[in-house]
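Enquirer: Chains as they are written, first to last, in our numbering: chain A, 1 to 289; chain B, 1001 to 1289.
Don't take every hint at face value.
The following residues of chain B were derived to be distant from chain A, with all beta-carbon distances above 10 Å [unchecked claim]: (1) 1061; (2) 1168; (3) 1197.
Restricting the straight-line Cα-Cα distance to at most 20 Å, the calculated cross-link-like pairs of lysine to any residue (SDA-like) are [stated by the list, open to error]: (4) 1218(B) - 180(A); (5) 157(A) - 264(A); (6) 231(A) - 1107(B); (7) 231(A) - 1203(B); (8) 231(A) - 1177(B); (9) 1218(B) - 121(A); (10) 1231(B) - 177(A); (11) 1157(B) - 1200(B); (12) 1221(B) - 1145(B); (13) 1076(B) - 1107(B); (14) 218(A) - 1200(B); (15) 1218(B) - 151(A); (16) 231(A) - 1191(B); (17) 1265(B) - 1145(B); (18) 1231(B) - 231(A); (19) 218(A) - 1121(B); (20) 1231(B) - 264(A); (21) 218(A) - 1171(B); (22) 1231(B) - 178(A); (23) 1231(B) - 175(A); (24) 231(A) - 1076(B).
Covered by chain B, according to a simulated footprint, are these stretches of chain A (three or more residues, beta-carbon under 8 Å) [to be verified]: (25) 24-36; (26) 132-139; (27) 174-184; (28) 210-217.
I should point out that these hints are in silico values taken from the structure, not numbers from a laboratory. No residue lacks a Cβ here, since even glycine has one placed at the ideal position from N, Cα and C.
There are 2 protein chains.
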Amino acid sequence: MSAGTADAAGRPQGRRVAILAGRGEFPLRVASAATAQGANVYVAILSGAADPADYASYDAREYRLGQLGRFLDEVKRREIDEIVMVGALPRPSFGALAPELSTLKYLPHFARAFQGGDDHLLRGVVSFFEGQGLRVLGPADIAPDLVAPVGALGRHKPSAVAREAIATGFNLLAALSPFDMGQAAIVADHRVVAVEAAEGTDAMIERVAGLVQAGRLKLGKGDGVLVKAPKLGQDLRVDMPAIGLDTVTRVAAAGLAGIAVKAGKVLVGDRQRLVTLADASGLFIEGVA
Amino acid sequence: MSAGTADAAGRPQGRRVAILAGRGEFPLRVASAATAQGANVYVAILSGAADPADYASYDAREYRLGQLGRFLDEVKRREIDEIVMVGALPRPSFGALAPELSTLKYLPHFARAFQGGDDHLLRGVVSFFEGQGLRVLGPADIAPDLVAPVGALGRHKPSAVAREAIATGFNLLAALSPFDMGQAAIVADHRVVAVEAAEGTDAMIERVAGLVQAGRLKLGKGDGVLVKAPKLGQDLRVDMPAIGLDTVTRVAAAGLAGIAVKAGKVLVGDRQRLVTLADASGLFIEGVA
């Protein structure tokens, strides 16, 4: 790819990418990967989610959600044609939502998008930016090493019983896929022992830890797997499941043998630190094609 | 049906039913219904599960699990041809399992049955008694009023939003049916918020109560339904889901609007007390065809 330098007319060469940056390490890593690829990067730091200090070396500006119109004006002025939304977004305050004048005209679109589940809202956000002539990319389109590859991510590998558990787990997640709910489960002792819904992955892992401690669930050697995958049809550009260091810590504390994720479809964050922790904890992290 | 009286030869008239009685009120109610139908009832009180004092007015004897052979000898001596297994069985102690001489010959059958999940074991128990020439009945075959009828069981009825939640919930349970796991879920706020697996129905209800208390789940008026159904193919003769007074209490405490069960396929126990409590708590209990 061409470098993000300017030509004689002062017009930036290469791709022009806007990164809508939420909380966590992922937006920073996407910004870094895009820059390394020679793209011209503009970071919209989402107020209350991302820390402006993290983006001091970038062409960046902080925006409240209600400043969408102002952000779009800037995107058009810069002739940006690609946008990535990445990072967690805490529940916005009313203050953050309060629309500026330049944002008011877009409200009808979002009023419709809000009338449905999370899936519906995200589809509405994607279609909104597409309607503005922007190409919406996923974080993995820019930084492919953010997602799990096929095979073992560290030095431990699933046992035979764990492989059976992984197969059961992915079959279960496929069956749950038509429902708008968490896409993680724990399989152990030849059965599904926990399914994630509104409580979230962390609470589900801790529930299983409690069952083990209470003697209600016996884990044989190499048994017990957390499986995680996106729903069928989930838009991975704006809604990709993720595991991180805290996931590995919790899974190890629960006494499970490892984690299996859908390869290419689950964010693994800082892969090197994840592998180091998993190796030290005796856990496998397996990407399943 | 004919009355359970004796003829001139002292031989009992009518059906001859053995009830293998576990813990709880259901075995007593089955014994009472069978007696009212004129059947000749013999109760095998499972040691450590049922209380012999409850069966003082019945032809009854206490058995350990290891005394299966002795029980079968008695069943044959009495020319009993129907058997009902009903009531919860606590995890048996090794002492309870220790086989008497008369039981040893049956062990190979159960050794095979134990090599699999709960479903497999129950199928093994049913096939064992069938192999002994006994007809295995379900509690509802003898006492149909133990199970939920179609429609509202009390005076409250599901709202429109609750009806939608019920439909989603039963669709989910059907999708989960191929997996050997709990068959209950909670649907609220237009989505599945909890799925039961190894933790059991009570813990699942309490989890949702926690989400509501923490403000992570908002329940509108008339919203929030516990759905419960057997798995497709579940043998209702030996493994029927149940709701009871404690279920109603927990569902009410969680702030849910009601309970929906598969009509004819979920035990409701003492229907009158259940209805009284549900009515007083403002909950619906709906049997869905």
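Enquirer: Does each hint hold? Answer for all of them.
Expert: Each hint, compared with the structure:
1. 1061: 32 Å, holds
2. 1168: Non-interface label on residue 1168(B) violated, nearest chain A Cβ at 7 Å vs cutoff 10 Å.
3. 1197: 5 Å, violated
4. 1218(B) - 180(A): Roughly 17 Å between the alpha carbons, so the hint for residue 1218(B) and residue 180(A) holds.
5. 157(A) - 264(A): 18 Å, holds
6. 231(A) - 1107(B): Not OK: residue 231(A) and residue 1107(B) at ~46 Å, beyond 20 Å, violated.
7. 231(A) - 1203(B): 26 Å, violated
8. 231(A) - 1177(B): Satisfied, since the Cα-Cα distance of roughly 19 Å is no more than 20 Å.
9. 1218(B) - 121(A): With a Cα-Cα distance of about 18 Å, the restraint between residue 1218(B) and residue 121(A) holds, given a limit of 20 Å.
10. 1231(B) - 177(A): Within the cut-off at roughly 19 Å; holds.
11. 1157(B) - 1200(B): 26 Å, violated
12. 1221(B) - 1145(B): Violated, because 31 Å separates the two Cα atoms, which is more than 20 Å.
13. 1076(B) - 1107(B): This hinted pair holds, its Cα atoms lying about 19 Å apart.
14. 218(A) - 1200(B): Holds, because 16 Å separates the two Cα atoms, which is no more than 20 Å.
15. 1218(B) - 151(A): 40 Å, violated
16. 231(A) - 1191(B): Distance of about 14 Å is within 20 Å: holds.
17. 1265(B) - 1145(B): 11 Å, holds
18. 1231(B) - 231(A): Outside the cut-off at roughly 23 Å; violated.
19. 218(A) - 1121(B): 18 Å, holds
20. 1231(B) - 264(A): Given pair residue 1231(B), residue 264(A) is violated - Cα atoms ~34 Å apart, limit 20 Å.
21. 218(A) - 1171(B): 31 Å, violated
22. 1231(B) - 178(A): 19 Å, holds
23. 1231(B) - 175(A): Holds, because 14 Å separates the two Cα atoms, which is no more than 20 Å.
24. 231(A) - 1076(B): 56 Å, violated
25. 24-36: As far as the segment 24-36 of chain A goes, the hint is violated, because 0 residues have Cβ atoms under 8 Å from chain B.
26. 132-139: violated (count 0)
27. 174-184: Held - the segment 174-184 of chain A has 6 residues with a Cβ nearer than 8 Å to chain B, which meets the minimum of three.
28. 210-217: It holds: at least three residues are needed, and the segment 210-217 of chain A offers 3 whose Cβ sits within less than 8 Å of chain B.
When each numbered hint is compared with the structure, violations occur for hints 2, 3, 6, 7, 11, 12, 15, 18, 20, 21, 24, 25 and 26.
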